[in-house]
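Asks: Letter by letter, the chains look like this.
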Amino acid sequence: MHFGKVSIHKRESENIYLLGIETSKEIIKNFQPGQFIKIKINYRLDPLIPRPFTVHAVEENNFYILYQIKGKGTKALSKLKEGEEVEFLAPLGKPFPVLQNYVICAGGIGIAGFGYLLQCANSKNRFKPPDAIFYGARSKSELVRLEFLSEFKIPLEIATDDGSAGYKGFITDLIEEELKKEHKDILACGPLPMLKKIAEIGKKYKVRTYLVMETFLACGIGFCRGCVIPLKKGGYIHLCVDGPTFLAEEIDLETIS
Amino acid sequence: MRLSVNLNGLKLKTPLMLASGTWGLGDNIDKFFTKEEVETYIGAFVTKGISVNPREGNPPPRLCETPCGLINSIGLENPGIKEFKAKYLPMLKIYNIPIVVNLHGEKIEEFLELVEALKEEEIEGIELNISCPNVKKGGISFSSDPKAVEDLVKEVRKSWDNFFAVKLSPVGAVFEIAEICQKQDVDAIVVANTYPALGVINLKPLKIIKGGLSGPAIKPLTLRLVYELSQRIDISIIGCGGIISGKDALEYLFCGARAFQIGTANLIDPRNVIKIIEELKTFEI
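Chains A and B supply the protein sequences, listed in that same order.
Using this note's numbering, you'd call the opening residue of the first sequence number 1 and step up by one each time.
Using this note's numbering, you'd call the opening residue of the second sequence number 258 and step up by one each time.
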């Protein structure tokens, strides 16, 4: 585990927080977009297992995670104060695939990991910028980091379930409209129903579709074999070492609930 | 305190053994430790449970966190003995520490086939898994049937001369099975495996996981088992249940264990091994 210090902890919406951790550049230089870290929360026995979060952004000797309070792990995390020490394991998992002509699709907190992808693409490393960012949420108040996202000068398409911002409806409707015009690969992260719909759309328009999957995981490093994702051909792969990003056509999404 | 232990011929530099299934098959050790660290801190490496044929394991969900604990239902996912020997064992042998292979079988014949397959390998020991709560057939039936355990350990003892441990279930005929192990010249018993438990993943619709509970939540329960077993029998006991600190380990050692295994602590932080031993060293005993 590495050590860091909370450099910023800011509420971005009712339930979404931005947490900055200051650590050494030596550690951060190994991070790639799509990878995740595991944070030990306050040295408590409950929650026992450190929680995984994707890297949202990197700046000098700070990295950021963007998280939503969902359970006791994230609730405990939200109590961290600036200046407090944190222990984390990083980087874990495989980076996003390097794509050429593609769009990003984010549902809710699924936007988190794409911030760092945009940063890397912007700094002209091997990652390329997407043609557009499709970002959906239930309501305007849950759309976060819009100012940060706009810095990259990439077309941003917004959808909200209640129509309080952008298109009223699902972000997947907008993706489908885009693909009707031009076939592009998709990189998607968000709630399972959205991922299932994206997989359908990707199949319909015959584009390469990558999904960032989620499951409870324990070790995060391939030891315990706990975080399995079922494959269409039978058998399983492990989210922590084989993922978290997978080709949609390989995953048996029907059996995941 | 003095750390080295001799368990009926199995020489450990430290009393810390990596519990089966919590460090895979050793293929990732080098990502977290230097060779020197492995050889300094890890008394013995216990592999993930190996069966005759490969097993893909149970469908998800395989994990559920509970207060101070973790329920798992991995279902003994493993590549089978053939691939283990060809691919994984050579990686483990890089390290100059004892290797104990955890074996899983559904019948006595399968255990014997595994033992036979390991005879030609330079490994220091075997640990029989007769207590996995997560497989429908096999393991668990042994732990609830002392006669079946007696037949099994008698046969294995006949064909395996090196270190031989049996990992017991914490439930069922624990005392009776421990006595059988002693009578059949088993070198040590591991006390104990996880506790049969149930976790609720989702209420509506109800989604549950039935598996084995580990972690600090079980420490007082297993500690009592270790203590009481040590009062009744002389066989070496390897304590295993909820150790995440040097003090936890010390409690086991004072309550009758001669060595200990850590499992869930590895999943929290792979370098807990070092923290536990370093803390243990600070006790002036």
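No lab work stands behind these hints: they were computed from the structure.
Just so you know, even glycine gets a beta-carbon here, dropped at the ideal spot from N, CA and C.
Heads up, a few of these hints could be off.
[Stated by the list, open to error] Derived, one-sided and incomplete: chain B residues facing chain A with beta-carbon distance under 7 Å:
| # | residue |
| --- | --- |
| 1 | T279 |
| 2 | P311 |
| 3 | E313 |
| 4 | P336 |
| 5 | E536 |
[Stated by the list, open to error] Below, computed lysine-lysine pairings styled on DSSO-like, alpha-carbon distance capped at 30 Å:
| # | chain 1 | residue 1 | chain 2 | residue 2 |
| --- | --- | --- | --- | --- |
| 6 | A | K81 | B | K415 |
| 7 | A | K233 | B | K376 |
| 8 | A | K140 | B | K504 |
| 9 | B | K461 | A | K72 |
| 10 | B | K532 | A | K196 |
| 11 | B | K532 | A | K94 |
| 12 | B | K467 | A | K72 |
[Said to hold, decoys possible] Covered stretches of chain B, as calculated for chain A (at least 3 residues, CB under 8 Å):
| # | segment |
| --- | --- |
| 13 | 418-432 |
| 14 | 519-533 |
Asks: Is the hinted pair K233 of chain A and K376 of chain B satisfied, with a Cα-Cα distance of at most 30 Å?
Replies: violated, 36 Å
Asks: Holds or violated: K532 of chain B with K94 of chain A, Cα cutoff 30 Å?
Replies: Holds, at about 28 Å.
Asks: Answer holds if the nearest beta-carbon of chain A is closer than 7 Å to that of T279 of chain B; otherwise answer violated.
Replies: Where the cut-off is 7 Å and the nearest Cβ of chain A is about 6 Å from T279 of chain B, the hint holds.
Asks: Using the nearest Cβ pair, does E313 of chain B come within less than 7 Å of chain A?
Replies: Hint on E313 of chain B: holds, closest Cβ of chain A at ~5 Å, below 7 Å.
Asks: Under a C-beta cut-off of less than 8 Å, do 3 or more residues of the segment 519-533 of chain B approach chain A closely enough to confirm the stated coverage?
Replies: holds (count 7)
Asks: Holds or violated: K467 of chain B and K72 of chain A, Cα atoms, limit 30 Å.
Replies: Given pair K467 of chain B, K72 of chain A holds - Cα atoms ~21 Å apart, limit 30 Å.
Asks: Holds or violated: K532 of chain B and K196 of chain A, Cα atoms, limit 30 Å.
Replies: violated, 43 Å
Asks: Under the criterion that the straight-line Cα-Cα distance not exceed 30 Å, is the pair K461 of chain B, K72 of chain A satisfied?
Replies: holds, 19 Å
Asks: Per the CB criterion, is P336 of chain B less than 7 Å away from chain A?
Replies: This interface hint is violated because 11 Å lies over the 7 Å limit.
Asks: Decide if the proposed pair is consistent with the structure: K140 of chain A and K504 of chain B, CA atoms, cutoff 30 Å inclusive.
Replies: Violated, because 51 Å separates the two Cα atoms, which is more than 30 Å.
Asks: For a C-alpha distance cap of 30 Å, please report whether K81 of chain A and K415 of chain B respect it.
Replies: Distance ~61 Å between K81 of chain A and K415 of chain B Cα, so the pair is violated.
Asks: Less than 7 Å between beta-carbons is the criterion; does P311 of chain B satisfy it with respect to chain A?
Replies: Result: violated, 10 Å to nearest chain A Cβ.
The structure fails hints 2, 4, 5, 6, 7, 8, 10 and 13 (numbered hints given earlier, in ascending order).
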